[in-house]
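For reference, the chains in residue letters:
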Amino acid sequence: MTSPEKLQNRLESVFNSQEIKTAADGIPAQFTVYPENRQHICELVKLAVADGLTLIPMGSGSRINSAGEFDIAVSTSKLNEQMEHSPADMVATIPTGTAFTTAQSALRKHHQRIALDPPVNDSSTIGGIVSTNDWGTLRHRYGTAKNSILATTIVNGDGKIVKAGAKVVKNVSGYDLNKLYIGARGSLGILLDVTFRLHPLPEQIQTGIIRCDSLDEALLAASTCSRLPLNVESVELTKSSDWEVTATIAGSSETRKIVEESVAENVSWNSESGKSTTKHKVGIYYVKASIPKSKLKLFLKSVSYFDSLSLWSLPNVGVCRLSFEDAVQLTRISASVESSGGFMEVEQQPANSHFPRWLITPPGLEWMRRIKSVLDPHGIFAPGILGEDL
Amino acid sequence: MSKPSDNSQLIRNFSEILGSEQILTDPADRIVYECDGLVLNKRMPDVVVLPRTTEEIAAIVKICNQHDVPYLARGAGTGLSGGAVAYNGGVILQLSRMNQILEIDYDDEIAVVQPGVVNIQLSDLTTEAGYHFAPDPSSQKACTIGGNVAENAGGPHTLKYGVTTDHILGLTMVMPDGSVETFGGRCEDIPGYDLVGLMVGSEGTLGIVTEITARLTMNPKTVQTFLAVYDSIESASRAITQIIAAGIIPAALELIDSLVIEAVEKHMKLGFPTDAEAVLLIEIDGAPQQLADEAEHIEKICQESGVRKFRQAQDEQERQDLWRGRKESVGALGKITQAFYTNDGVVPRSKLPEIVRRDIEIGKKYGLRVAHLCHAGDGNIHPIILYNPDEEQEVKAALAVSEEILKTCVELGGSLTGEHGIGTEKRETFGLMFTDDDQEQMMRIRTVFNPDELLNPGKIFPIGARCGEAKINKTISRGRWL
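Protein chains in written order, with this note's numbering: chain P, 1 to 390; chain U, 1 to 482.
Some clues are possibly wrong.
Stated by the list, open to error - Derived DEER-like restraints, expressed as beta-carbon distance ranges:
{"no.": "1", "chain 1": "P", "residue 1": "108", "chain 2": "U", "residue 2": "328", "range": "39 to 45 Å"}
{"no.": "2", "chain 1": "U", "residue 1": "62", "chain 2": "P", "residue 2": "211", "range": "57 to 63 Å"}
{"no.": "3", "chain 1": "U", "residue 1": "246", "chain 2": "P", "residue 2": "253", "range": "19 to 25 Å"}
Think of the hints as simulated: they come from the structure by calculation, not from any bench.
Glycine included, C-beta positions come from ideal geometry on N, C-alpha and C.
Using the sequences and the hints given, assemble the complete structure.
Below, the structure is given as structure tokens:
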């Protein structure tokens, strides 16, 4: 690793002093650079190539969650760029440093939205969400960023600006490199902007919470909700002390009666979107798991007896978030996921814990390594951030 | 592949792993494979093999590598961009015998199929259980799911349900080094780079798909289909823009113009109004209450945009007839023209009125009629240029019209192709959309998987003057499927 003094001198040869800061706590780098334009990012990449430096792209830094250490964190949050929104096309190209809530507020004025609702705070950026392919309740109906992103622009491993996709809702021109960049955690380049397919904002939302006595009952309620002749935005299943199913439906209060007649008589209603993604308590370990839907019940049953486990799932998708305190539980959960034919990622763990991000090796790992080696030929982009040499 | 002796050894090697009925060498057999939907640029493969298993494909690929022979996989050959043609000679792996639906799992809501399964067969088999395979290209009665994966196929209902890439969870593939790999799986999230997402739409240039894990989609609970009749194609296209801008996402939103209506009525007599300049075929599905609101809103927009008549299909038979008119309309064009050249471009949806107007102007400039059949809700246009193939001037004019239309699509912020792929047809126009640096980034990916470019060579990327002015490939698509 380059000494801080030498690194600072090198950075000052490219950037003005306002663009360079000592990295804040939690950012795994010596310095954070806030380039004010795209050309500065290209120059920084070229500098990294020349000096053998490592870069970790970031927005606000809230989602980095890396045990690795890098030379420079590159924030896109100070790029002086504006969102391009075409309401009539229901498409928006958004600079990645834009705060997610800011983008959604702007879109809301046109009754549109990005159909993603991952857990966010006010500083969470578009780039951070896309780079981690994070998701929330709306995944039930709209999928993830992979289903919404139409085009991307990145700075690649040669310090060149390259684009993929097109700013239209249908396109099959060339390889879909967008898919590689989404969820790559910045390991293939620095995302500059992302073009989203937008969706209409529902005029009214009804959110009903159904308390259940058992997992079986909860899964049946969730399944019934998913199949209702309504515009079901999401169906969540949670367990802290009890099992709960939260159904979010786009429509008027008349839809409540249909749920009550078809699913359960006792439903607690409100008119806000489901917020279960932020409801689970913050655990020391934070894990995402994906399970074949037919095995979900068995998996949930196997982990539901764990102490102090907070569990949140989209049963119709077969994905879960789990938070817990005990490292032993992580090993047991991993075994249960693997025996179900699923996969998982460790999103967060205590500072003194050193589990790899992936406890179950994904298929195609060697091809992923080869992709990394050609798109990041100098190994400058967050080496190892995904684990397994990626 | 120019030396007969080389062929002989190659065929002997194939004979060691395949039965004689799985190897086609007679020109009378091979001529079937000289083109796909792109008919003017033909090249017969030197050998056609018909494997039945993943293992046979892996062995064939290794033999091709040993002989340094180009090869490619082919499904039904319904593609329109020349993607399944052996322009460099070599071997075609015809996958039609790999046509088994291996598994349907309604608990996981997936099907595992071989690549030669015809698209509609999967929906036919699952419809009683309340499911279907969502991508529905108009060739769905013939095209294969393997081909859908290669081209990232669309169709009318992808407006709401997404294209093929949104419905594929896992792939088993034979890689160009002859290895067999599995990407993705039966669950939604696989850690790491999305290799399945990369493979879908890569036009058969990164590997050969031998098994597909496809997502099954629940059939809609309620469907309503409408026909909106217009005296002006611009008014019709303006209505489309306004429907989308109003935040309504129909299941399908198709535009059919007067030339196509004329052909359909001459061919099928389904009751489309022959005096209309355009009709919109609009389908909405979902919750009944929502449908009532949407239908009312759509009708209001259509009225405000000058619709002459707006009617709902009264029963399933009428609905099926309307869709038959749409899906079989291209085949009907033979009733009004000797030949036609189908384009596939995309524009931002707000530019639909402009591109339709400019298409017609471009056609008039060259003295040709341009018919329109569009997945209009997606901004995906299919201008169909009518011409006489026996008149050299008309052939040249058709090519010129095509070139101008594609350039106009890109100028308006759109794309060269929404669902047909680049193939060879549009590879020389690739530079209209992507800079050399953009292309280099993609070609690095091809180098990872297909370093010798023996697998499906000459597709997608321009050959020769990559940095120069882009040129249209001088071929004409038969344009059967849209």
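Here is how each hint holds up against the structure:
{"no.": "1", "hint": "P:108 to U:328: 39 to 45 Å", "in the structure": "43 Å, holds"}
{"no.": "2", "hint": "U:62 to P:211: 57 to 63 Å", "in the structure": "60 Å, holds"}
{"no.": "3", "hint": "U:246 to P:253: 19 to 25 Å", "in the structure": "23 Å, holds"}
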